[in-house]
Amino acid sequence: MSDPGSAAQELTSAVAAYRLAGSILRLPDGPLPEADWAALFAASHRQRLLGLLAAAVADGAMAVTAPQYEELAGAHTVAMARALDIESAAIETIDRLEAAGIGVRALKGLATAHLDMHDPSFRLFADVDLLAAPGRFGDVLRVLGDAGMARSLPERRPGFDERFLKEETLYGPYRVEIDLHRVLVLGAYGLSLDPHELWDGGEAFDLGGRRLLALTPERRLLHACYGSLLGDRSPRLMTLRDAAQLAARDDLDADALVALARRARAEVVLARALRLAGDTLGAGPGWPLWEWAGAHRESMRDRFLLRAYESHGGSNTTTLLSGVLGLRGVSGRAAYLVGMAFPSRTYVSARQARGRPSEWRHGLGELVRARSGRRRGATR
Amino acid sequence: MTGTGPVALARARRVLWRSCLTKVLVRPPGAPTVALEGAAAEVWGLLDAPLTATELAATLAARHQTTAEDVQGRLGELVADLLALGVLETRPASDPSAPR
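Listed in order, the protein sequences are those of chains A and B. For the first sequence, the tail end lands on 380 under the numbering used here, and the numbers increase by one without skipping. For the second sequence, the tail end lands on 1100 under the numbering used here, and the numbers increase by one without skipping.
Everything labelled a hint here was simulated from the structure, so no lab data went into it. Check before you lean on any hint, since a few could be wrong.
Non-contacting residues of chain A with respect to chain B, defined by C-beta distances greater than 12 Å in every case (computed) [as the list claims (entries may be wrong)]:
| # | residue |
| --- | --- |
| 1 | G51 |
| 2 | A79 |
| 3 | D250 |
| 4 | D253 |
| 5 | H312 |
Covered, in the sense of this in silico footprint (three residues per stretch, anywhere, with C-beta under 8 Å from a C-beta of chain B), are these stretches of chain A [stated by the list, open to error]:
| # | region |
| --- | --- |
| 6 | 60 to 74 |
| 7 | 152 to 166 |
| 8 | 195 to 209 |
C-beta atoms are modelled at their ideal positions from N, C-alpha and C, and glycine is treated no differently.
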């Protein structure tokens, strides 16, 4: 007897793989029974796959009943209206920065929807992700702060942001979250890669009559791999689809991508994420880097660093601590550890004023829980 | 007298938009989102490249198996509304640039 849970997962994966070149996953022909539809709809909502589900229905690749169609149409319309809010906020933010002579790069959904999907309506996203130019992170925060998009907490210590911070979250027009990135991922892997490696060049796309720049396809793929493997406890299907969509490109500069991952000391992330995306979405063979990913040999350092991430049994605290291993040089490492362990009084007071828990207490709690979790796993 | 060639209708360059299952959502700059359904959505779909009003009427007439004269009256009002909302714009018919 088949496991209904795994059948539901396969169905959701089939939605995530809709129109992915080379995928062997197939959607069912006929309308689903109501309980199965409810599970698929809920999973698609959670995993931001409503765009792909709507596309499958619109294309006739999956039949639905009239009530199922109405439910999907309603939810997809709401999501698309929100996408327009988010893009409006992105444009206003970027216009403001350009007026101050500051450029940014669009990241994640904002870029992927327009550059990598057959239609932007396939790709849902919940916020604006922008990459600041190297050395301009503070300038971007200042310009946006002057426009009323203030950060919620001050800098940990003077100079910390420009050397070590991954990202800061601001709130822009239409209650849209603006995630301003300095690097692409938290912890060691984020700090291993010089931000200058991400900036030059880029791929352009049109948004509301403006020409925006995103990362190159190779850098977008590396970013999607970080998100797939390191981002959440369980990988998000939409992020895996982003990775797969890019990995399948014939024009991908595979050598440049592997070289970039090598300089970022993240070949294991690239290899594992590609295999995960391919296996989950029923694709992979034929991708330029599929064989390379399967043959990649991991080092002890690779396995050690991955375990720092929540997706591999770690915690937010261990991820942050791993950052020291991504840095080069004693002074950089020392400055990072001092910044993490001993933030300024201004920062601590601001945290307290906002009712945030003590970082020490919270961090130690996470470390204890992570260790207990590993022990339980070892004795099973 | 300034020379004026034929004028085409086109999607306004600065509009943000998305296709949904039953409608098209469009958002002119600084304005609320507008839902296009029925004939308005059809006109938007046809203007993925600029068309003159005559071309647009002829295409719609062929699609609906009627005459351009039958279509033109209602189409004129619809286009005027969409121009007023900032969803469409006019440009010289020879202008090769067009929004997606």
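Right, here's what the structure says about each hint:
Annotated as non-interface, A/G51 brings its C-beta within 12 Å of a C-beta of chain B; the closest such distance is 9 Å. Non-interface status of A/A79 relative to chain B is broken: a Cβ of that chain comes within 12 Å, the nearest being about 9 Å off. A cut-off of 12 Å between C-beta atoms confirms that A/D250 is not in contact with chain B; the least separation is 22 Å. The non-interface label for A/D253 is consistent with chain B: the shortest C-beta to C-beta separation is roughly 26 Å, beyond 12 Å.
Taking the minimum C-beta to C-beta distance to chain B, about 36 Å, the non-interface status of A/H312 holds against the 12 Å cut. Given as covered by chain B, the region 60 to 74 of chain A passes the check, having 3 residues with a CB less than 8 Å from a CB of that chain where 3 are the minimum. Here's how the region 152 to 166 of chain A fares: 0 of its residues keep a CB closer than 8 Å to some CB of chain B, so the rule of at least three is not met and the hint is violated. Counting residues of the region 195 to 209 of chain A whose C-beta sits closer than 8 Å to any C-beta of chain B gives 4, which meets the bar of three, so the coverage hint holds.
Taken one by one, the earlier hints fail for this structure at numbers 1, 2, 7, listed in ascending order.
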